[in-house]
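K.L.:
Now for the letters of each chain:
Number of protein chains: 2
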Amino acid sequence: MATEKLAGFRERIRSELDRAVDFWLKHSHDKVYGGFFTCIGRDGKVYDELKYVWLQGRQVWMYCRLYRTVERFHKDEILEAAKSGGEFLRRFAWVPSAGSMGKCAFSLTRDGQAVKVQRTIFSECFYVMAMDELARVTGDREMQVHAETVMDQLVHWVRVDPSGLGRPQLPGDLPVNSLAVPMMLLCLVEQLAEGRVDVADKYRELGSWCVQQILQHVQRDGTAILESVSNDGKELPGCQGRLQNPGHALEAGWFLLQYAVQHGDKELQRIAVDKFMEIPFRTGWDQDHGGIFYFLDVDGLCPTQLEWSMKLWWPHCEALVAFLMAYSLSREPTLLDRFTQVYDYTFSHFPDKEHGEWFGYLTRQGSVELDFKGGPFKGELH
Amino acid sequence: MATEKLAGFRERIRSELDRAVDFWLKHSHDKVYGGFFTCIGRDGKVYDELKYVWLQGRQVWMYCRLYRTVERFHKDEILEAAKSGGEFLRRFAWVPSAGSMGKCAFSLTRDGQAVKVQRTIFSECFYVMAMDELARVTGDREMQVHAETVMDQLVHWVRVDPSGLGRPQLPGDLPVNSLAVPMMLLCLVEQLAEGRVDVADKYRELGSWCVQQILQHVQRDGTAILESVSNDGKELPGCQGRLQNPGHALEAGWFLLQYAVQHGDKELQRIAVDKFMEIPFRTGWDQDHGGIFYFLDVDGLCPTQLEWSMKLWWPHCEALVAFLMAYSLSREPTLLDRFTQVYDYTFSHFPDKEHGEWFGYLTRQGSVELDFKGGPFKGELH
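Chains A and B are the protein sequences, given in the same order. Residue 1 is where the first sequence starts when you use our numbering, and the numbers rise one by one after that. Residue 1 is where the second sequence starts when you use our numbering, and the numbers rise one by one after that.
Be a bit skeptical, because a hint or two may be false.
The list makes no distinction among identical chains, and a pair is therefore deemed to hold if it is satisfied within one copy or across any two copies.
No farther apart than 20 Å at their CA atoms in a straight line, the calculated lysine to any residue pairs in the SDA-like style are these [claimed, not checked]: (1) K45 x D297; (2) K116 x S163; (3) K116 x L165; (4) K45 x G241; (5) K234 x Y47; (6) K116 x R167; (7) K116 x P162; (8) K202 x L154; (9) K45 x V298; (10) K116 x L236; (11) K45 x L236; (12) K234 x F122; (13) K26 x E190; (14) K116 x G164; (15) K116 x D161; (16) K31 x L301; (17) K83 x M325; (18) K234 x E307; (19) K116 x G166; (20) K266 x L306; (21) K202 x R90.
FYI, nobody ran anything at the bench for these hints, they're computed from the structure.
All chains should be modelled from the sequences, with the hints used to inform the complete structure.
P.N.:
In structure tokens, the structure reads:
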């Protein structure tokens with residue numbers, strides 16, 4: 001029964017993946033300046049020519065990973081597109097600054113001029129993912145070294161000295177452990193270390209540090225995952241301290257689970273499922289309308305984010321990966337039930353039957369509220 | 001008929017104003033550290049102790065303006081609260097920087113330590129409003145000079161050299177004329193010049209420049225008000241160029257109308273009403289559910305702002321002021337109809353009958369989506 005059910009899911013997911021990849025192959029490639037358009041309307045029309053660096057990076061990564069690991073995507077068209085995106089990034093992503101490698105831009109004009117630089121690490125993170133995966137499919141050793149150099153800069157910003165990020169040091173702005181940061185670095189450790197013993201050794205301590213930083217987000221006597229905590233693992237005051245982002249917690253859950261399996265750590269495996277999957281699912285699921293909330297306040301107050309109750313595609317993707325991975329390890333029927341519940345909501349709400357690919361942003365009630373396929377924070381797949 | 005109707009409106013507005021002022025007098029004053037709490041829940045409970053500088057500034061201004069111009073608010077309690085807020089701002093708002101007066105913080109801890117600095121002019125604008133209005137009620141000449149000094153710094157950032165705002169100069173980031181900037185400066189010119197001939201002379205050319213900058217936002221052969229245009233008054237490419245913010249346009253409308261009346265400029269008076277009121281009202285009103293949209297794309301595409309379809313309290317306030325002012329000048333019945341339509345929506349949706357004050361954020365359908373009375377972008381009244 002479970003086997004049949006899973007085969008059905010697999011078939012549907014496979015066909016959605018094909019439709020999504022087709023959509024981006026068809027509509028997003030900039031044949032004039034290279035790289036990819038990222039703002040793409042419901043029907044595939046480019047509605048803004050700005051190129052978001054982190055989404056360029058993710059598309060390069062996605063193409064390369066599909067090319068390398070899924071036979072039906074092992075096609076020249078995909079490899080060539082990935083290479084074009086990689087070249088565009090190497091040529092234009094970096095905004096130099098005196099005495100350092102500089103920062104990646106957040107967004108670029110169509111022809112590659114920097115428009116905006118964020119004072120965070122995320123554009124650089126997706127740049128590293130792109131370069132490393134591209135190095136794997138092209139065998140470009142220099143590119144792999146380049147990815148590691150950027151990675152080491154990221155680690156320096158996070159663990160040693162954040163001043164290169166460009167944020168002024170303010171007395172009331174205490175250092176914060178944001179879930180996104182150790183989660184993203186752990187993901188990069190996985191990326192860089194895969195199949196490489198020397199790199200795995202180099203980043204072993206970093207991986208372990210990321211896990212500890214993520215675990216600090218388990219708060220309120222183990223009953224809540226909070227998005228931001230103090231650097232010594234305490235709850236922060238106010239809204240910032242009470243904020244929950246269930247999709248992020250679920251994402252951290254499967255990163256932790258993957259790490260736990262690799263390291264044979266049964267206790268961490270249990271925490272990943274019980275804390276980082278069960279809690280956000282239980283508290284984050286909308287009992288009235290279905291779907292996972294974007295933001296919640298752990299005390300049940302109203303979040304200050306205007307979009308708090310919207311249903312976004314990506315937390316649902318993270319939940320699907322998390323519960324499927326957890327189920328495949330334990331064969332615990334409850335986990336398959338969770339997966340099924342998320343699956344039913346996801347596949348009945350997000351796919352666009354008419355034009356392919358998925359809508360990204362629904363109202364709390366589940367109707368499409370923003371109908372584009374790509375925007376500043378939504379790119380190819382998730 | 002119109003007179004009776006207007007008297008009814010006036011009575012209701014008067015009672016809502018009393019309830020709102022009571023709410024802030026009762027719940028927002030920090031008796032320990034001075035200044036005002038700005039994050040206040042539905043029932044008056046402080047849910048976050050951060051103090052947003054621009055909202056501190058607006059509350060000081062509001063108290064002083066009420067104290068100075070409305071007899072029933074001419075009370076010691078209100079004056080003392082305004083002074084406490086003013087002292088808090090003077091003591092803590094500024095983050096110094098070498099070789100200049102620095103920048104105002106965007107937010108402070110409860111005891112006044114800077115948490116965040118924005119790379120825009122708006123915290124400083126509300127600081128100027130607060131200081132100038134406080135100087136008027138206290139007769140503090142030094143404070144008035146201080147307000148002007150900050151004003152001159154603002155004008156320098158906007159018209160001469162923006163580098164002090166701290167934004168890195170990037171080749172793809174071309175200068176933009178954002179409606180908010182000349183609108184805000186025009187408002188400050190009004191504030192500083194009221195009843196002072198010498199100050200009015202000093203800022204005369206600036207006022208005229210602001211009006212010209214605002215008029216550049218009339219685009220598409222006079223059929224649309226766009227939120228951002230190029231510095232030479234052309235439509236910008238992409239989403240940024242197509243963005244409409246009907247509430248902002250209506251606000252600019254009554255600023256322009258006020259200016260036009262003062263300067264006896266009939267042509268500008270016509271433009272203020274026909275372009276900056278009629279157009280945003282016609283395009284910004286939600287025909288299905290009532291209320292004014294937050295953001296729209298002039299080509300009818302989907303905006304990328306997740307909250308685009310929400311109904312916020314402040315665009316409705318701006319619309320009320322705009323149409324009432326326009327009606328009082330021309331006695332044109334259509335304008336009273338407009339006012340009535342906005343009034344009916346506003347007063348049936350935003351006031352909180354139970355705890356006083358107004359909700360700020362409704363769904364497109366008009367139900368309360370965020371229930372707090374004060375937050376990072378909502379303070380006392382509007």
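K.L.:
For each hint, tell me whether it holds in the structure or not.
P.N.:
Outcome of the hint check:
Taking the shortest Cα distances, K45 and D297 sit within 20 Å of each other only across copies (15 Å), while inside one copy they are farther apart (37 Å). With identical chains, the CA atoms of K116 and S163 are at most 20 Å apart both within one copy (18 Å) and between copies (15 Å). For a Cα distance limit of 20 Å, the shortest separation of K116 from L165 qualifies both inside one copy, at 13 Å, and across copies, at 15 Å. For the identical chains of this complex, K45 and G241 are inter-copy neighbours only, at 17 Å across copies versus 40 Å inside a copy, given an alpha-carbon limit of 20 Å.
In this homomeric assembly, K234 and Y47 come within 20 Å of each other (Cα to Cα) only across copies, at 18 Å, whereas the closest approach inside a single copy is 44 Å. For the identical chains of this complex, K116 and R167 are neighbours both inside a copy (14 Å) and across copies (9 Å), given an alpha-carbon limit of 20 Å. When the C-alpha separation of K116 and P162 is checked against a cutoff of 20 Å, the pair qualifies both within a copy, at 19 Å, and between copies, at 15 Å. With identical chains, the CA atoms of K202 and L154 are at most 20 Å apart within one copy only, with a shortest distance of 15 Å there and 50 Å across copies.
In the homo-oligomer, the alpha carbons of K45 and V298 lie at most 20 Å apart only across protomers (16 Å), although the nearest pairing inside one protomer, at 40 Å, exceeds that limit. Taking the shortest alpha-carbon separations for K116 and L236, only the inter-copy value of 16 Å comes in at or below 20 Å, while the best intra-copy value is 30 Å. Taking the closest pair of Cα atoms, K45 and L236 come within 20 Å of each other only across two copies (19 Å); inside a single copy the shortest separation is 44 Å, beyond that limit. For the homomeric pair K234 and F122, neither the shortest alpha-carbon distance inside one copy (24 Å) nor that between copies (33 Å) is at most 20 Å.
When the C-alpha separation of K26 and E190 is checked against a cutoff of 20 Å, the pair qualifies neither within a copy, at 31 Å, nor between copies, at 54 Å. Proximity of K116 to G164 under the C-alpha cut-off of 20 Å is found in both arrangements, the shortest distances being 16 Å within a copy and 17 Å between copies. Proximity of K116 and D161 under a CA criterion of 20 Å is satisfied inter-copy only: 19 Å between copies versus 22 Å inside one chain copy. In this assembly of identical chains, K31 and L301 lie within 20 Å of each other by CA distance neither inside one copy nor across copies; the values are 49 Å within and 24 Å between.
In this assembly of identical chains, K83 and M325 lie within 20 Å of each other by CA distance neither inside one copy nor across copies; the values are 31 Å within and 60 Å between. When the C-alpha separation of K234 and E307 is checked against a cutoff of 20 Å, the pair qualifies neither within a copy, at 27 Å, nor between copies, at 32 Å. In this assembly of identical chains, the alpha carbons of K116 and G166 lie at most 20 Å apart whether taken from the same copy (13 Å) or from different copies (13 Å). Taking the closest pair of Cα atoms, K266 and L306 never come within 20 Å of each other, the shortest separation being 39 Å inside a single copy and 40 Å across copies.
For the identical chains of this complex, K202 and R90 are neighbours neither inside a copy (25 Å) nor across copies (51 Å), given an alpha-carbon limit of 20 Å.
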